[in-house]
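K.L.:
Below are the chains, spelled out letter by letter.
Number of protein chains: 2
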Amino acid sequence: MYDLIIIGGGPAGVTAGIYAARKKLKTLIISKNFIGQAGEAGVIENWPGEKSILGAELIAKFKEHLDSYAVETREETVVLVEKKESFNVKTEDNSFLSRAVIFATGRKPKTLGLPEEKDFVGKGVVYCATCDAPLFQNKRVIVVGGGNAGFETAIEMKSYTKDVSLFEFNSFFSADELLQEKAKEKGVELVRDIKIENIKGENFVEKVICRDITTGKEKDFQVDGLFIQIGSVAITDSVKNLVDLNEEGEVIIDPKKNKTKTEGLFAAGDVTDVRDKQIVVATGEGAKAALSAYEYLKK
Amino acid sequence: MYDLIIIGGGPAGVTAGIYAARKKLKTLIISKNFIGQAGEAGVIENWPGEKSILGAELIAKFKEHLDSYAVETREETVVLVEKKESFNVKTEDNSFLSRAVIFATGRKPKTLGLPEEKDFVGKGVVYCATCDAPLFQNKRVIVVGGGNAGFETAIEMKSYTKDVSLFEFNSFFSADELLQEKAKEKGVELVRDIKIENIKGENFVEKVICRDITTGKEKDFQVDGLFIQIGSVAITDSVKNLVDLNEEGEVIIDPKKNKTKTEGLFAAGDVTDVRDKQIVVATGEGAKAALSAYEYLKK
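One line per chain: the protein sequences are A and B, in this order. This note's numbering applies: residue 642 is where the first sequence begins, and numbers increase by one. This note's numbering applies: residue 642 is where the second sequence begins, and numbers increase by one.
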């Protein structure tokens, strides 16, 4: 029986773990891989104190800090959280009991929702740019999505290949001005008002059939790599019965103490309805959740 | 006319500055000294990614990160914030205009409230342990306060002198278990249920007159350094007219977007009613406030 099980090993989960350890709670952290979206993020420039650091490097620093404490960690996927007298956290192969839980699973990438999209995953359709970027050396790349992630990916891809376009469904880009400027400087082709309707190819992606939203006309583009960067969804399957979700599918928390509707179950980071999905915000939320869990357990 | 003036150069203010710069807001940060409570904090072990770092070092890293952007900074003390059509931020010598303000002044130490206390400041009465610790080499030290700050100070003082006691008014210590254990290991004398009623000394502190709360009896202790670590109060004088304060004197914010009751005036960090006064929480709040200010200015 643990005092606390933390589900998720990203910035929120690991920070919660550090805080729980310092409060001497008997703590287990379960995470599929202790990498998560932050670990796949490419260059990060807005973690205070680090002008420029790779996501993987930052996450490794967090994990090393965590590992300096007596916190148990397990690389497994949680499939269900139940509450009877205590919490029962079930992974694919095991189950663990605890008096409190912090849910910090984060998010996973949104897909375009095209029927053929699944067939091309690993064959030209990419969700984790940092993971697969080097495979597209001198290839034709389209990045889908005009937010920060899309622009960051397009800029990154420019160091692998000169043929990089960024496609955005809306008529405006929502990325930071600085990123938009950088992309223009680097010569990323920016295309707005465009919708991808089909992906074609024999074995690998070869072209995309698009709709020009302003004219209504169809347009084809030859492409080798289609990098989908259109946002993400909260990973909540294992706790759906224990929490309320907002219309975005995010866990609703009390923003002061990170409580969910189930007593003893706290949530933190990008899986929650916190508005700003930022590493520095998620770490702060992780600390808050751990301090609330500690307060709950002390009662 | 600035887009944004950030008042305060601690973790919340500097993080807000980094985020504002990345959004290309014309930003000015005004802070007395860009040090604040975090910069005076001694060893910090709960900033994610750093197993152990001096407060001054961490704050310097934050500042260096900030200085890599085109953000203007000024070392001045803000005395009043007014709002007419825009904000007018007045320092002792100057005044600056902006369309939005983030208030992130943080906190200052609480005093015991004894009439003679002021007379002994710099003469044995210490609020910033990190600043003055080396002055008490081989002296008799009493640390007042059984929270994290008190225990951290007592542990730190043990490396300067063997004669360290920690006094707590309550019958329990509220510090992290880990810190309490460390203090015991180091041989800090722990005294509960004790109240300091007078400070005596010719030029410098020589003794304190205390009351044992359980027996009601008076007790004297010879002492050279009295380190007051009993908490802090929010620094709000310059914005009192523009915000609501809670009963602790903290700026009440909407926890999702860091708004105050005055449109265009946001607040972040330890000056607000955020429950957990932690560096990692304050940085997250700074980021949130900057993103909200950006959203407000874009309208």
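Derived from the structure by calculation, the hints contain no laboratory data. Fair warning: there could be bad hints in the mix.
Pairs count within a copy or across copies, as identical chains cannot be separated in the list.
Cross-link-like lysine-lysine pairs, in silico, BS3-like; alpha carbons within 25 angstroms at most [what the hints assert, rightly or not]:
#1 Lys764 - Lys881
#2 Lys665 - Lys918
#3 Lys665 - Lys841
#4 Lys731 - Lys900
#5 Lys897 - Lys940
#6 Lys918 - Lys898
#7 Lys823 - Lys665
K.L.:
Against this structure, judge whether each hint is valid.
P.N.:
How the hints compare with the structure:
1. Neither within a single protomer nor between protomers do lysine 764 and lysine 881 lie at most 25 angstroms apart by alpha-carbon distance, with minima of 33 angstroms and 60 angstroms respectively.
2. Proximity of lysine 665 to lysine 918 under the C-alpha cut-off of 25 angstroms is restricted to the inter-copy arrangement: shortest distance 19 angstroms between copies versus 29 angstroms within a copy.
3. For the homomeric pair lysine 665 and lysine 841, neither the shortest alpha-carbon distance inside one copy (55 angstroms) nor that between copies (40 angstroms) is at most 25 angstroms.
4. Proximity of lysine 731 to lysine 900 under the C-alpha cut-off of 25 angstroms is restricted to the intra-copy arrangement: shortest distance 21 angstroms within a copy versus 40 angstroms between copies.
5. For the homomeric pair lysine 897 and lysine 940, the shortest alpha-carbon distance inside one copy (18 angstroms) is at most 25 angstroms, but the shortest distance between copies (28 angstroms) is not.
6. Taking the closest pair of Cα atoms, lysine 918 and lysine 898 come within 25 angstroms of each other both inside a single copy (18 angstroms) and across two copies (13 angstroms).
7. Taking identical chains as interchangeable, the C-alpha atoms of lysine 823 and lysine 665 lie at most 25 angstroms apart only when they sit on different chains, with a minimum of 13 angstroms there against 46 angstroms within one chain.
When held up to the earlier numbered hints, the structure conflicts with 1, 3 and fits the remainder.
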